[in-house]
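Novice: Please build the complete structure, drawing on both the sequences and the hints.
Each chain, letter by letter, is given below.
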Amino acid sequence: MKIPIAVAGIMLAGAALVSAQAINGAGATFPYPIYGKWFEEFRQKNPSVEINYQSKGSGAGIAQLTEGTVDFGASDKPMDETQLAALKIPALHFPTVLGGVVPTYNLPGIPDLKFSSEAIAGIFLGQITKWNDPRIAKANPGVKLPATDIIVVHRADGSGTTFVFTDYLSKISPAWKSGPGSNTSIKWPAGVGQQGNEGVAGMVKQTQGAIGYVELIYALKNKMEYGSVQNAAGVYLKATLDTVTAAAAGAAKNMPADFRVSITNSPGKDAYPIASFTWLLIPTHIPDAQKRTALVNFLKWMLTDGQKNCAELGYAPLPKQVVAQELKQISKIN
Amino acid sequence: MAAPATSYASFRRSLIVTGDEVAHLVTLAFGATVVLITVLLVWNLWGASAASRSKFGIGFLWGTNWDPNANDFGALPFIYGTVMTSLMALVLSVPLGVGAAIFLAEMAPPGLSSACTFLVELLAAVPSVIYGMLAIFTVVPLMHDYVEPALKGAFGYLPQFQGPMLGVGYLTAAVVLAIMTFPYIIAISREALLEVPRDQREAALALGATRWETTFKVVVPYARLGILGSIFLGLARALGETMAITMVIGNDSIMHASWFAPGYTIAAVLANEFAEATGKLYTGALVELGLVLFLVTMVINALARLLVIATTRKGSAKAA
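Protein chains in written order, with the numbering used here: chain R, 1 to 334; chain U, 1001 to 1320.
A couple of the hints might just be wrong.
Said to hold, decoys possible - On the chain U side, residues computed to face chain R include the following (Cβ under 8 Å):
(1) VAL1168
(2) LEU1207
(3) GLU1276
Hint data in this document are derived by calculation from the structure and do not stem from the laboratory. For glycine and all other residues, C-beta sits at the position ideal for the given N, C-alpha and C.
Specialist: As structure tokens, then:
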């Protein structure tokens, strides 16, 4: 009698698998650790819903959403007008968490450098080529800067991190805006490209006089040193989860209805200037009622209980005002 | 039922005939897949690069600007980087590899030879990302601290050896590629040298040649085709190498005269930018780069064939 029971058990398990609602998404890699945790926790609370997520990159996420091969997308960069126009079913942007980008550099014995807007733009434009340039020294009185070459390190792979960083540079420097501009990959005026946060961090760590940019989460996890950046109010701030959330709060007052907003160089004394939302892209119309309910429930849970998971994984949570605005947007899904 | 033996024999004979036919068809089908895959590949790349081909035309090949934001794409920096690093790698690895193969096949004591051969074959099978890590942690600092300053000191008057020394760039990529192609060249050249018939050597020795003369005037020329083959296999690996190169070339789409400067190869830019590329033109340009790499490989293979034909006519050995 044991064998039939086992067979029945397998059949039941199979039936359970079939009846579980599978929802598929694809997109940004940056929020993948927390998305993975959220989807898993949500599945434990709602065993009938299984959300699969492929972290293939923001571009791939948008492309798959446009082709209709996934139920939702995710991106570190809001969709532009052409991308929105290409969608068969319009999509809503839901900010989920916040990320920051920090400048990391290798100058032994010189921790906590302060970077003015002028200095950081000049360095990445290739116009400031020595560490003892007066434009860097001005914000760092008393620091003995060496007369060595600055070696710029940037991301070689297309990345949301690059988008946030170049979006910031475009806002603070007219020369950057009219020159390289902002995107997930750009034509860099100077420096060396490396793959991923670990590639940039590794090269900077290995090369004296190098400067690069990495995600705040990566820097925190690896206990890396990074510099302070001058914000829109003129204050020099080091990125922390609090200063990144403050950047979003600063932007919340003028939040556009579709949440497609850049929060770099955000106003406010405590707002860290190189910060960004990352978005889930949810179609406004989901024909399958079960999937629709599941996604709506997930969004509600993510915006409330889910936000509590952020800090332990190193993500900055959304400010309260933004959560309230987003909860209203959920009703647009039908 | 009268003559079971005869019918059995004819049955067997017919089986052999059909067996041959089946074998013929099966192998034909296998052979056809090679052609089919090549055609499908080109057709696919051709179709997916339509947007870029119609916008940039043939000028794509010598365009020097690669700017995803301005939607302006040119392939020359990548072609230059790919060909340059591969050729520089061969300049480094061919003398070393062929020299080592001659030693292993002709001079080394048998025990040492088989031990070294085992190691060489092991090296040839190491995944390229491992070489990339070796490169980042060992080759890059070595180049940055010793090799590049020494070269700059000795040849600093040449534009190839000027500019800031970053440790990553064309030269480092070439050194890493040389390390990666080296085992291929040794392994295959050694096989070619061992294939040289014994009587060739004995004849040379009988004519009064020294061992050294035998090796260089008889054995190496005889094995020339195999050695050339090993070099082209090495070149093929160098042209298509992706992971290790991405880690050390510096990924800069601006062309530089200096060998110390960062550059880019076709395979590296595909690996880096394809996942996040958006828009028909951008992805089209990347696919077209794939097509260009295909073309570069084909041209080089054709040149290799020509070289083989040319040297066969002149020499004494038969083509393999």
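Novice: Can you name, in rising order, the numbers of the hints this structure does not satisfy?
Specialist: 2
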